[in-house]
Each structure stands twice: as C-alpha cells, then as structure tokens.
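With the hints as your guide, set chain F onto chain Z.
Chain order of the listed sequences is Z and F.
Read in full-length UniProt numbering, the first sequence has 233 at position 233, and its numbers run on one by one without any break.
Read in full-length UniProt numbering, the second sequence has 186 at position 186, and its numbers run on one by one without any break.
In short, the hints are calculated from the structure, not lab data.
Note that the structure is a prediction, hence the values are computed from the model and not measured.
Only true hints are included.
Treat identical chains as interchangeable: a pair holds within one or across any two.
List time: in silico DSSO-like cross-link candidates among lysine-lysine, alpha-carbon distance up to 30 Å: (1) 109 to 126; (2) 282 to 249; (3) 51 to 41; (4) 42 to 282; (5) 279 to 208; (6) 126 to 208; (7) 249 to 42; (8) 113 to 126; (9) 193 to 282.
Protein chains: 2
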Amino acid sequence: MGAKAKIEKFWTGDPIDSLRVNPGFSLADVDTTSTPGFDGKKKHSVEALRKGASIFRHQQEMFFAGSQDGDERKVLLVLQAMDTSGKGGIVRHVVGAADPQGIDHLAFKAPTKAELSHDFLWRIRKQLPGAGRIGVFDRSHYEDVLITRVRELFPLETIDERYDEINAFEQELTDDGTTVIKVMLHISSDEQKSRLAERLDRPDKYWKYNPGDVDERLHWPAYQEAYQVALERTSTTAAPWFVIPADHKWYARLAVQHLLIDALTRMELSWPEADYDIKTEKARLRAS
Amino acid sequence: MGAKAKIEKFWTGDPIDSLRVNPGFSLADVDTTSTPGFDGKKKHSVEALRKGASIFRHQQEMFFAGSQDGDERKVLLVLQAMDTSGKGGIVRHVVGAADPQGIDHLAFKAPTKAELSHDFLWRIRKQLPGAGRIGVFDRSHYEDVLITRVRELFPLETIDERYDEINAFEQELTDDGTTVIKVMLHISSDEQKSRLAERLDRPDKYWKYNPGDVDERLHWPAYQEAYQVALERTSTTAAPWFVIPADHKWYARLAVQHLLIDALTRMELSWPEADYDIKTEKARLRAS
Numbered sequence: 001m002g003a004k005a006k007i008e009k010f011w012t013g014d015p016i017d018s019l020r021v022n023p024g025f026s027l028a029d030v031d032t033t034s035t036p037g038f039d040g041k042k043k044h045s046v047e048a049l050r051k052g053a054s055i056f057r058h059q060q061e062m063f064f065a066g067s068q069d070g071d072e073r074k075v076l077l078v079l080q081a082m083d084t085s086g087k088g089g090i091v092r093h094v095v096g097a098a099d100p101q102g103i104d105h106l107a108f109k110a111p112t113k114a115e116l117s118h119d120f121l122w123r124i125r126k127q128l129p130g131a132g133r134i135g136v137f138d139r140s141h142y143e144d145v146l147i148t149r150v151r152e153l154f155p156l157e158t159i160d161e162r163y164d165e166i167n168a169f170e171q172e173l174t175d176d177g178t179t180v181i182k183v184m185l186h187i188s189s190d191e192q193k194s195r196l197a198e199r200l201d202r203p204d205k206y207w208k209y210n211p212g213d214v215d216e217r218l219h220w221p222a223y224q225e226a227y228q229v230a231l232e233r234t235s236t237t238a239a240p241w242f243v244i245p246a247d248h249k250w251y252a253r254l255a256v257q258h259l260l261i262d263a264l265t266r267m268e269l270s271w272p273e274a275d276y277d278i279k280t281e282k283a284r285l286r287a288s
Numbered sequence: 001m002g003a004k005a006k007i008e009k010f011w012t013g014d015p016i017d018s019l020r021v022n023p024g025f026s027l028a029d030v031d032t033t034s035t036p037g038f039d040g041k042k043k044h045s046v047e048a049l050r051k052g053a054s055i056f057r058h059q060q061e062m063f064f065a066g067s068q069d070g071d072e073r074k075v076l077l078v079l080q081a082m083d084t085s086g087k088g089g090i091v092r093h094v095v096g097a098a099d100p101q102g103i104d105h106l107a108f109k110a111p112t113k114a115e116l117s118h119d120f121l122w123r124i125r126k127q128l129p130g131a132g133r134i135g136v137f138d139r140s141h142y143e144d145v146l147i148t149r150v151r152e153l154f155p156l157e158t159i160d161e162r163y164d165e166i167n168a169f170e171q172e173l174t175d176d177g178t179t180v181i182k183v184m185l186h187i188s189s190d191e192q193k194s195r196l197a198e199r200l201d202r203p204d205k206y207w208k209y210n211p212g213d214v215d216e217r218l219h220w221p222a223y224q225e226a227y228q229v230a231l232e233r234t235s236t237t238a239a240p241w242f243v244i245p246a247d248h249k250w251y252a253r254l255a256v257q258h259l260l261i262d263a264l265t266r267m268e269l270s271w272p273e274a275d276y277d278i279k280t281e282k283a284r285l286r287a288s
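With the rest of the complex left out, here is chain Z (with noise of 0.2 Å):
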C-alpha cells in the first residue's frame, strides 16, 4: 500500500508487535519512557504525526464512504489509563485529525443508579459504533473489572467471571466485522505526579485537577495489578491489547495514529463504485 509505505519513513520498525499483549506480558516490565519502533525525538514526531493524520483522515473518508455501499465493518478504539496518561490529548491530536461525522466519541463515567441496576455491558452495548464508523471509548467496559476490583465494589468472583464475558462480548464484535483496537496508555507514577502537580499549577488547569485524583493514586499499585490481570485475561487474538509507553506523550499520539492506520489499512479500502449510470446521471443534471 502507498499509505504503509509513507509510514514505514518515519518508524524504523512497525511497533505492532513489540505493542502487542501476548502470553507472558508483564506491565511491570515496560519502560514507560520508550518509543518501540520509533528511533526520533519529540522535533521529529510533528512531522510525523502530521503526515500521518493525512494518510489517517483519507483513509477514514474511504471507510465512511464504502459505509454508503453497503460495507458493515466498524472500527472500535477503547482507551484505558491511569490519569494524567493523555486520553484526552488522543482524542484531541489524533482522533480529531478525521471527520467528525465518521466518529463518535463516548466517555464513560461512573455508572448512574439506572445502568447499574443491568448488565455492566448494557451501556456499552448501546455505544458501540455503527458500519463505516469509529468508535472512541474513552474509557469502557474495563472501568468494570479495573476500579470495581481496586475499590472491591463487587465480589471479587462476580470480577472474576466478567473476564471471560468481556471476552465472548469482544469476539461477538470482531465476528460482526468490528476491529477493536484495544490500549492502554502506561505512564509512571512519577510521570503522573509531575502531571498533577502541572495542573495545581496552572490557572487554565485547576479544572481537570480533583482531589479524588490523589485517593486514586494511593492505590497505584492495586491498579498495576488489576490491570495486569486484565490484560492477561482479555488479551485474545479476536480483540488483541496494545500497551503503550506514555511518559512521552508525543510518542503515544504517534503510536496509536500507527494503529488506527494499520487497522484501516489491513481493511483493504477503496472508493465504492458507481451505482447508477454515470452517463445517465450526466445527462439528467445537464438537463436540469
């Protein structure tokens, strides 16, 4: 693919791999602050980011239009993170490259009285994103088995079964021609304290600080850990997760710019055609 080529430029190998949650993953063993596959500093990544946000938004006009086709597939990107790791900066600097007609942007907050009284998927069920779409979960699903099993909201065995639930879900959507597109951003705790600190630090930023943030962090290990049994867990071949080092902000915008590419990629697009007379067609607006 042209596009595959223009990306190969600025990655001195495809991260895919080296991303990847296969068996035998530890969290604890990811350097935060590297870059898999991309060898430059933060000068280079604007270059890069920009050349991929162009190679990202024709590719997700294509998807779009082949939705107009008949062409069912769906794409479904689920963020995760401890706070301060940049989800927001994603949505921002990468998903807002595209056409905000071809996505929808759902975050996830606590549960409501209401949706806690069904299924934890119910509500997202009724998020998931239609043909010729992406979706963006910031946060999902794995809020039920990340702060439930930290704060032990529900019993450790009701956690314990939705593993295998999250599972059967997610391979329901890849056989319905949804690509999940699963990641973690994964920063240090003291990168995160720095964040914090950032945000007490500046009048424009007093908004995203809350002291809740604080009680979270002093559970930082618990959420090491169930998020290392999550991605232990619901790692599959169907709806595979990608762990992303983010200290480096610039380089976790690159990264999942490369996933959203690849998967958009790995689908094979092209414009639909016609489907109707183009010379009728030319004939009835000239004669209009």
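Relative to chain Z, chain F alone:
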C-alpha cells in the same frame, strides 16, 4: 477581548449584521458569490481560518471547562442548505478544529416510521447538547418545514403551525441557556450544478452522488420559496438566522467560524477557579 481584537484584523468589518435575517429579508436578493466583511481572496482565507481555529479551540476548551464548574450554558449550531452547499466542509474544517470531546455532531436523515409517530420535535429534543457542549445539527427540525413543504408530505396547515412551534421550542432552548446559531449556506443553482457534475467526474466522489439529488434539484424554485418562508417566520431575536453566501466555500467556513467565535466571546468565558484548596492538594500530592 483579546480574541475579538485578533479576529478583527482579518475582517474589514463584522459580517454578523449583514448576514443576519432581519424583517424584509429576501433570499433572492442575496449574492451567493459575495463575501460580506471579508475583503481578501481564497489565499488570504487560509491563514485567517487557521488563526480563527486556534481562537475557537481555546474558547471551546474554556467553555467545556466551565461546565465542569457548574456553568450550564450550551451552544447549538444548526446547519441547513441545499445539497452540495458545503455543510460537510463546515463540520470538517470549522467544527473539526475543536476538541471532539466537547462536540455532539448529529446528521438528521429522513425520519423513521417510529420517529414519524411522534411530534416532529421529539427526535430533535433527544439530541440536544448538554452543558459545556457544542451541538452541531447537520439538517434539523427545519427539514420539517422544507422538504415536507416542497414535497407536500403534510397538509399545509400542519406545516404552517410548525413555524410557531419551532419559535416556541427555540425560545425554550434560549431560556435554558442555549445559544442557538442557525445557518443557511446559500449557493446558486449553477454552483450546485457544477458541484454535482464534479461528483460525477471523480471516482473518489461517486459515493457522494445520488440520483435523487437531481430529483430534488428540479424543485429548486420551490425550495428557495420554502427557505424564504422559513427564514421569515423563524428568524427571531432569541434565535436569528444567518444566511451565508456559500459559492466560495472558503468564505462560508470563515463566516461560520466567526459566528461560533462571536457566540463564545459574548459568553465572557474564563477558566474556573479551583474548588479545592491548592496548598492542601499540593501537600497531599507531594506525600503520595
């Protein structure tokens, strides 16, 4: 305002008054090739749009931030136009500059049977933006007085009642803190013809063409009349219409961007104060 001053540089005058639909307005008298308030050419518009995007992005973030602090105001941008007028380009190039997390984009298609069994505003109400969000309606409740009138889908008396119902509805939105920005992108019949012809000439545009587009085109005068009536009867103090000459796509984009920036500027936004004690939180964070 600083932002306001920066915008003025690119404009010879504020275009808002000349774009607003006031009593005595006549759609037929609008020159679709004109560029009210902007003296430059296409090449000058690029930099103006880029600078405007940065102002818009900044204001939109502040608007969103305010909602986390209890500000309940909302913005609703309604886009109406004949086919090929460039609604999609507005969404991509103007709205697309903002953070996708703060945008609710909705494209209204022909109503389903279920939707038709309700009042025409039922499906619209369900999609209204929440606090701190900018809703973007690509087509809207105005279709219920446009295509329905031209195609005689409802008795004229029913449609006639709807203008008042729309005014009451929009007054209610305004009372509830929603700034309603209603935009009609206005192109000439010849411009539409050449844009449709382009879609029939370019394989990457075939998917955007639909034989029904020519069917609708044959009703051009009736649509212009339906627009004239809608504009006359629903351009209110609470929710005025703006008719934007759109034969130059670049001008239409600048003008809609200007309307959005103007609306946000008039809100006199500022970053929310911290609702926690900064010193205490810094100490807690240090200790964490």
